[in-house]
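Top line first, the protein sequences correspond to chains A and Z.
The first sequence begins at 4 in our numbering and counts up by one.
The second sequence begins at 6 in our numbering and counts up by one.
Just so you know, the hints here were simulated from the structure itself, not pulled from any lab data.
Certain hints may be false.
Derived DSS-like pairs (lysine-lysine); straight-line CA-CA distance at most 30 Å [unchecked claim]:
#, chain 1, residue 1, chain 2, residue 2
1, A, LYS138, Z, LYS99
2, Z, LYS84, A, LYS135
3, A, LYS199, A, LYS132
4, Z, LYS22, A, LYS164
5, A, LYS138, A, LYS219
6, A, LYS199, A, LYS189
7, A, LYS132, Z, LYS22
8, A, LYS189, A, LYS135
9, A, LYS12, A, LYS132
10, A, LYS135, A, LYS199
11, Z, LYS22, A, LYS199
12, A, LYS12, A, LYS201
13, Z, LYS38, A, LYS201
14, Z, LYS39, A, LYS138
15, A, LYS219, A, LYS189
16, A, LYS164, Z, LYS38
17, Z, LYS38, A, LYS138
18, Z, LYS38, A, LYS135
19, A, LYS164, A, LYS199
20, A, LYS201, A, LYS138
21, A, LYS12, A, LYS135
22, A, LYS164, A, LYS201
23, A, LYS12, A, LYS199
24, Z, LYS84, A, LYS132
25, Z, LYS38, A, LYS132
26, Z, LYS22, Z, LYS39
27, Z, LYS39, A, LYS201
28, A, LYS164, A, LYS12
29, A, LYS135, Z, LYS22
Stretches of chain A that chain Z covers, calculated by requiring three or more beta carbons in the stretch to come under 8 Å of a beta carbon on chain Z [stated by the list, open to error]:
#, segment
30, 32-39
31, 103-111
Ideal Cβ placement from N, Cα and C applies to all residues, glycine included.
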Amino acid sequence: MTEQDALYKYCLRLGDDALIHSYRLSEWCSNAPILEEDLALTNFALDMIGRAQLLLTYAGQLEGKGRTDDDLAYRRSEREYFNHLLLELPNGDFAHTIARLLFSSVWEYYFFNELQHSRDTTLAAIAAKTVKEVKYHMAHATDWAIRLGDGTEESNHRMQKAIDDLWMYTGELFETDEQTAILRDKNIAADMAMIKAKWRQEIERIIGEATLTMPKDEYMQTGSSTGIHTEYLGHILSEMQYLQRAYPEATW
Amino acid sequence: MATDSQLMEWEVFMQSKPGANYIHAGSVHASDKKMALQNARDTYTRRGEGTSIWVVPSDAIVASNPDDNDMFFDPANDKVYRLPTYYVMPEGAKAI
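Chain Z extracted, bound-state conformation (with noise of 0.2 Å):
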């Protein structure tokens, strides 16, 4: 694989509301938090798509293997008692 030349990998992640959560948008390219910061402006909210950014350096995400898929997530394959849709309502408990 080329080297890449262009500078930092930054994760970009945006809310799209106020209180919404934030999503992950893309990637960017950037020397420093405030470039990385104005190139997420300009590259994911150019029509409006969000009220709010973060910015996170590539390598400071840590990510699952999947290889440990069957560890991490198998588990809870089977396991229907976990599901709150497992459990009868009781009588009267509308609310629920």
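In isolation and in its complexed conformation, chain A is listed as follows (with noise of 0.2 Å):
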């Protein structure tokens, strides 16, 4: 595999990811405990949507097929899509919600600070881009996370089951294979290692925070960097998709 290859790769996973866990908070428009979070997540949506767009049509470039954000994003099948399996599942209730955008937004929050310094300048200024926009997610996840483990009984229940349904999926975000160590030898990629222990360390804090548990680690869930998804990425991408699929070229 070449770096070009491995480049391609790394950032068609990347935007995946805003991708997906993008469909999964529209899907809370309408449907939020009130207004403002309404508006909050939705808004959250708006900026993965925009970094899924870079993403992607970066990819699309380093691929040198002239596929486009839009080819990508909409003819893909789900062994094509490599967003990690915790942005694939379904919302469950508000506390899954907050729970899978707390793990996920200080993963990105330590990652994208790292990337920022990427030998790649593309990458590079998506990266100092980002941060900016995942910083605020983090904030919000963790004043929820907080609010709702140190609340009443039955959002404290509710925060700590969310975390133990969620923690099995958190393993996959700091895997690495031959792609990325091509990538991280020459000063591209993120160091995962590092990213990982300031990601556990302030997990566990905000955990402690909210009066909350920290899950055990026990068997955690892979598949995704080679294409392997949950059942439900398939009902996503038949939903996003459909348009394109019964109606190929449509525009209006």
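Using the hints, put the two standalone chains together into the complex.
Take a look at the structure:
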């Protein structure tokens, strides 16, 4: 595998993360507990769509087959998607959505902070823009996790269940493979070991402040780096890609 | 009227650019200061409208009573000498 191929896959994966998480957050539109939260979650979804556009456009350029961001979003099947499993899971209750946003936004915050120093200048520029956005997502998720955890008996119970349920999907966030090693050697990719340590420390701090209990590291789910997904991604794509599949090249 | 179950109400004031006056933008619901500020940000600044936000608990605002309008505002209506335009400009005072 060449550096170019590895970088294509790297950008694709980050773009897919943003696209699929955006899709899930959009599902809260008109369903959030209060109007202000409805706006907040869909606002984050729009931030993520912007990030997906940048990353998928760049991935298309790296691939060099003339595929646009739309081609990559609407014309790949689930085995060709590489988003982390955590982000494709159904929203569950509000606590589950917050737990997912907490785990992913803290990860993204440290990840894109590192990626700002990538030797690849396009990736570094996208990372610099993204850090500002995810810093806010992280603040929002942290406040809610603490508010719910340190809230009523019911909210504490639900928040604890959410972090317990999703914990097994967090191991995947720090996986490395032959491709990321190629990029790491060239100072293009971020150092996952360091990010894992920072992530763990911050999550422990937040969970402690929220009067919740850290889940145990037991079995961790894996598979998305090779396109193996949960049963849920196919349903997302069948809805998201319906128009393009039914009426290819449709314009209006 | 149904009881409002959506947390406390806060009034939002926004500054469109540094140095400009803060203008009332609307209101939001929130349970605490931090959440009020975030909700105001998410509700009113999504399209680059502001550079600074104030949030104030709605019950901290003291409003005048419309029944007092006669007493409060009418006396100003018939006193033209309160307006600078009532006075004749002195000759040569171009900078006024």
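These are the hints, each one checked on the structure:
1. A:LYS138 to Z:LYS99: 54 Å, violated
2. Z:LYS84 to A:LYS135: 54 Å, violated
3. A:LYS199 to A:LYS132: 22 Å, holds
4. Z:LYS22 to A:LYS164: 44 Å, violated
5. A:LYS138 to A:LYS219: 27 Å, holds
6. A:LYS199 to A:LYS189: Judged against 30 Å, a Cα distance of about 20 Å means the pair holds.
7. A:LYS132 to Z:LYS22: This hinted pair holds, its Cα atoms lying about 22 Å apart.
8. A:LYS189 to A:LYS135: 26 Å, holds
9. A:LYS12 to A:LYS132: Roughly 21 Å separates the two Cα atoms, so the pair holds.
10. A:LYS135 to A:LYS199: Status holds; Cα separation ~20 Å.
11. Z:LYS22 to A:LYS199: 40 Å, violated
12. A:LYS12 to A:LYS201: 25 Å, holds
13. Z:LYS38 to A:LYS201: Distance of about 28 Å is within 30 Å: holds.
14. Z:LYS39 to A:LYS138: 15 Å, holds
15. A:LYS219 to A:LYS189: Roughly 35 Å separates the two Cα atoms, so the pair is violated.
16. A:LYS164 to Z:LYS38: It holds: about 27 Å lies between the C-alpha atoms, which stays within 30 Å.
17. Z:LYS38 to A:LYS138: Between LYS38 (chain Z) and LYS138 (chain A) the Cα gap is close to 19 Å, so the pair holds against 30 Å.
18. Z:LYS38 to A:LYS135: 22 Å, holds
19. A:LYS164 to A:LYS199: 23 Å, holds
20. A:LYS201 to A:LYS138: Holds: LYS201 (chain A) and LYS138 (chain A) sit about 15 Å apart, inside 30 Å.
21. A:LYS12 to A:LYS135: The given pair, whose Cα atoms are some 24 Å apart, holds under the 30 Å limit.
22. A:LYS164 to A:LYS201: Between LYS164 (chain A) and LYS201 (chain A) the Cα gap is close to 23 Å, so the pair holds against 30 Å.
23. A:LYS12 to A:LYS199: 21 Å, holds
24. Z:LYS84 to A:LYS132: At roughly 57 Å apart (the allowed maximum being 30 Å), LYS132 (chain A) and LYS84 (chain Z) break the hint.
25. Z:LYS38 to A:LYS132: 27 Å, holds
26. Z:LYS22 to Z:LYS39: It holds: about 22 Å lies between the C-alpha atoms, which stays within 30 Å.
27. Z:LYS39 to A:LYS201: Roughly 25 Å between the alpha carbons, so the hint for LYS39 (chain Z) and LYS201 (chain A) holds.
28. A:LYS164 to A:LYS12: 34 Å, violated
29. A:LYS135 to Z:LYS22: The hint holds at about 20 Å.
30. 32-39: It holds, with 3 qualifying residues against the three required.
31. 103-111: violated (count 0)
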